[in-house]
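From first to last, the protein sequence lines stand for chains E and F.
For the first sequence, the positions run 1 to 116 when our numbering is used.
For the second sequence, the positions run 1 to 110 when our numbering is used.
Calculated directly from the structure, the hints in this document are not laboratory data.
Among the hints, a few may not be true.
Stated by the list, open to error - Simulated restraints on C-beta separations:
id, chain 1, residue 1, chain 2, residue 2, range
1, F, G51, E, R51, 18 to 28 Å
2, E, T78, F, R106, 28 to 38 Å
3, E, T78, F, S80, 44 to 54 Å
4, F, V12, E, K58, 41 to 51 Å
5, F, M19, E, K58, 19 to 29 Å
To be verified - Simulated coverage check for chain F against chain E, where a stretch passes if three residues somewhere in it have a Cβ under 8 Å from a Cβ of chain E:
id, stretch
6, 37 to 49
7, 94 to 105
Where a beta carbon is used, it is the ideal one built from N, C-alpha and C, also for glycine.
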Amino acid sequence: GENVEQHPSTLSVQEGDSAVIKCTYSDSASNYFPWYKQELGKRPQLIIDIRSNVGEKKDQRIAVTLNKTAKHFSLHITETQPEDSAVYFCAASVAYSGAGSYQLTFGKGTKLSVIP
Amino acid sequence: NAGVTQTPKFQVLKTGQSMTLQCAQDMNHEYMSWYRQDPGMGLRLIHYSVGAGITDQGEVPNGYNVSRSTTEDFPLRLLSAAPSQTSVYFCASSTVYEQYFGPGTRLTVT
């Protein structure tokens with residue numbers, strides 16, 4: 001089955017600096033790569049995702065890049081703010097259009113702390 | 001539109017007891033799943049369902065049963081609780097690409 005490795009496990013940055021979290025996956029058939037943010041005591045929430053036909057996607061201060069050849073993808077957060085402090089999870093899956101079924105395999109998470 | 005709801009929010013069980021964690025969604029999603037979250041382990045898939053009457057095992061299914069009699073509901077049953085099942089449990093429903101998580105159930109087994 002799929003295996004997703006995520007690094008680093010903890011990351012501290014100064015407010016305003018950039019943060020980068022990296023993930024690798026093992027199943028070359030995986031074609032969908034979401035990132036979730038989980039604040040303390042809350043549910044995971046999708047912040048950005050990328051599909052295998054795209055190499056990069058941006059949404060304001062966050063961006064995700066995908067290298068299918070190397071089987072790795074990364075989350076980039078620019079101009080970090082204290083409210084970005086949370087645990088971030090990457091995930092990978094093989095998604096089937098039409099049928100609506102897929103399984104997510106998650107990385108173990110990165111605890112990001114943004115220091116004011 | 002409540003999204004995904006879970007009950008209870010907190011539960012304490014004694015070893016050997018059984019219970020059912022409830023999950024319901026009102027988004028008419030065919031796909032639903034159950035995850036457990038343990039410190040440092042991320043979210044691990046327990047069971048999932050691709051539609052009413054269809055369920056399958058995920059990564060960590062032992063000790064758990066599920067059924068899906070309606071599109072809306074996907075309960076998770078612990079048959080004989082063990083301390084190793086102490087965890088936070090999240091139910092999710094999804095479109096093809098996006099999973100929507102419920103608020104979670106924090107379960108402690110003593």
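Evaluated hints:
1. F:G51 <-> E:R51: 18 to 28 Å: holds, 23 Å
2. E:T78 <-> F:R106: 28 to 38 Å: holds, 34 Å
3. E:T78 <-> F:S80: 44 to 54 Å: holds, 50 Å
4. F:V12 <-> E:K58: 41 to 51 Å: The hint (41 to 51 Å, Cβ to Cβ) holds, given that F:V12 and E:K58 are roughly 45 Å apart.
5. F:M19 <-> E:K58: 19 to 29 Å: violated, 44 Å
6. 37 to 49: n = 7 at 8 Å, threshold three: holds.
7. 94 to 105: That given contact holds, which follows from 10 residues of the stretch 94 to 105 of chain F lying within Cβ reach (below 8 Å) of chain E.
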